[in-house]
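Q: Here the protein sequences come in this chain order: A and B.
Under this note's numbering, think of the first position of the first sequence as 1, with each following residue one higher.
Under this note's numbering, think of the first position of the second sequence as 1, with each following residue one higher.
Warning: the hint list may mix true and false statements.
[Stated by the list, open to error] Far from chain B, some chain A residues (derived; all Cβ distances over 12 Å):
1) PHE115
2) LEU127
3) CYS295
4) LYS382
[Stated by the list, open to error] Footprint (simulated), chain A over chain B, 3 or more residues, beta carbon under 8 Å:
5) 79-88
6) 217-230
7) 237-244
Hints in this document: simulated from the structure, not taken from any laboratory.
Bear in mind that the values here come from a model prediction, so they are computed numbers and not experimental data.
C-beta: ideal position from N, C-alpha, C; glycine also.
This is what each chain is made of:
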Amino acid sequence: MPDQARSIVLAPPRGIGRSLLLTLPIALFTLLLFTPVLRQPGLPAKLAALIAWGFMLTLFFLMMRTRETYRWRRIFFITLAFMFPIGFIWDLIALRSSMSIPIEKMISGDTPFCFMVIPILLIPAALTKTLIFPGSILPTPSNPHSIAMMVALWLLATVVLGKAWCSYGCFFGGLDEGFSSVAKKARLRKINPQWRLVPWAILVAVVLLSAATYEPIYCMWLCPFKAVTEFPAVRSVQTGLQFGIFIALFLGLVVVLPYLTKRRTQCAFFCPFGAFQSIFSRTSIFDIRIDKEKCAAGCVLCQNHCPTLSIDKDSIQAGKTLSTCTRCGACVDVCRKDAAVWHIKGTPVGLSPERARLLYLYAAWVFASMFGGSIIANALQKLIGLLV
Amino acid sequence: MAIPNSFSFELFGAKKRNMYVLSRRRDRCERGVAERVNGVSSVAEALALGFGSGPVCLASCGPVLLPWLGAEPRELRATGRLLALFLGGRLAGYLAFAVVAWAVGAAIPVDPRTRTLVFGLANFGFAALFGISAFLPRRHCPLLPGEGTPRLYQIGSADRFRPPAALTLGFLTGLNLCPPFLAAGVRAAATRSLSGALLFFAVFFVGTAVWFLPSLAISPLRRFSVVPTVARMTMGALAIYYAYLGIVCAASWRLAPIRAGGLFIFITGMVSHA
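For reference, chain A alone in the conformation it holds in the complex:
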């Protein structure tokens, strides 16, 4: 799907000088972000920061030069998702000698906080002023992944980018995007659109059950990414069952189904955080509009190429994507008629869409470099440390 998108882009590439000029603001800003890492002692840290900085700048330059978004963003996103477990597992093993988290560590609040838990926390916090996650609010030496830090980052990204968090911030989504890119053709093509409602059902179920039981039900039972991060130590039938569910969900939703469908199945058909983030889809000023007058008769390229099934015939008629749209840019890149365009709310549709894209990319890439870039640098540092 993305390969096809690449081949049918009609817009001419931008000049190298102009592309460099457009990359300059990002270069200066991200230099500020990477400076603390560059100042860290030791060659691996400096080298990792330089490579990560260069990687982010190169991708942004290519976005400017080729006028494509999806292809280069996908490279960043997949790299982030494959690098995150490396750095995370490395830290876990350094701290605990194991990927499993024993109950004693949970009781002492040493469970690293993940943004997936945010919707689960809200109702118990509102009703009973209780945080039902065994983590720490502020960073500690034994648990640097604190609740306050992650919530602050999520708030920042949500206000500016809205649902685009799922394309630039989530450090898991790139895994199923990566596996969805492996096959050349989809083997499962017909997908009932009702499956798009499953994340909402999972969200409602886990939020209600977590409020009833005072336990983060999603993390305990349903998170596929526990298979590649951390999981409760298997010490009983229940924890064994949990571990089995994590593995089965990971293989099914993140590996096999994306490969068969060439869609981000975990994100589109399961992730409750994605559904929660869709609520904030309107907070961002950036969106994608479809001018149905420009659409060629019978053309549903954008619908066919959307990795999260966020475009259907009704939404094309309405001239916009569904609230589940992650602003990945696949539909814009694939459209031959320039009917799908980037748009800033409050401005006329189709008025300098490239300018809207640039503004969006500046916001998204600053966040991606700050959050994802540091994760990539961290993992690279560990890998380089092995060699040097």
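Here the structure of chain A is known, so what remains is to put chain B in place on it, guided by the hints.
A: Leaving out everything else, chain B in the frame of chain A:
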């Protein structure tokens, strides 16, 4: 106190009798007032306890009630009737549990095996009801020639009432003890009579029921066509969860030793849970 002389003894005796009668009257009066005050304070306490612990009650019953209300295609008034039936069933469950518990000589049954059995049956009940609602296909008209989607026709009243399901769900949530109910149970055990305990529970229930009123807000959400589908999917997920809980309870019931340190295990378990 000075010793009275013989002259005044009779007078003193009369006075003493009168004083005794007066004292008895005053005691009775004070006792009556005290009982009334106790009764009023007990009612107020039950109401305050119910109102104070209402959010936890709502959180406990939310997984059962909210998807159910979301899946039922109803107007606000009909949703209100469903909610009332659910709450009525819940009250019946509470009172039934209280009566049975009282009959065995305690405010709460202390035998963990019996308790596990009741919890397990309640969880299987939830799983069965939710599973039926979520997974059983609904009848609809077949595709018409040339139509992309089936046209659905409602035959009969759109607001057809199905009270048994709401009552059953409410009754099962009443049996499925939650921490606030246990707090009320412990307090009600201190009352002298069964009627007093039942009154305490009933008033406590009224206090908690206030918190359920916001769930009526689901009714306007139904104007989004996806809400009933999402609610049914949620019930499907919850059916699996409750079936799992039921299996765990059944396994515990099969394995649990009869009356093994019942009271101690029960109290410590509930305190740690709360």
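Q: With reference to the structure, classify each hint as holding or not holding.
A: For each hint, the structure was consulted:
Every CB of chain B lies more than 12 Å from the CB of PHE115 (chain A), the least distance being 21 Å, so the non-interface label holds. Separation of LEU127 (chain A) from chain B is inadequate, the least Cβ-Cβ distance of about 4 Å not exceeding the 12 Å criterion. With 12 Å as the threshold on Cβ separation, the claim that CYS295 (chain A) sits away from chain B holds: the shortest Cβ distance comes to roughly 19 Å. LYS382 (chain A), annotated as away from the interface, keeps every beta carbon of chain B farther than 12 Å; the closest lies near 38 Å.
Three residues within the 8 Å Cβ limit are the bar, and the region 79-88 of chain B against chain A gives 0, so the coverage statement is violated. Only residues whose beta carbon comes within less than 8 Å of a beta carbon in chain A count, and the region 217-230 of chain B has 3; three or more means the coverage holds. Here the region 237-244 of chain B counts 3 residues with a CB under 8 Å from a CB of chain A, which clears the bar of 3, and the coverage holds.
In summary, the numbered hints that this structure violates are 2 and 5.
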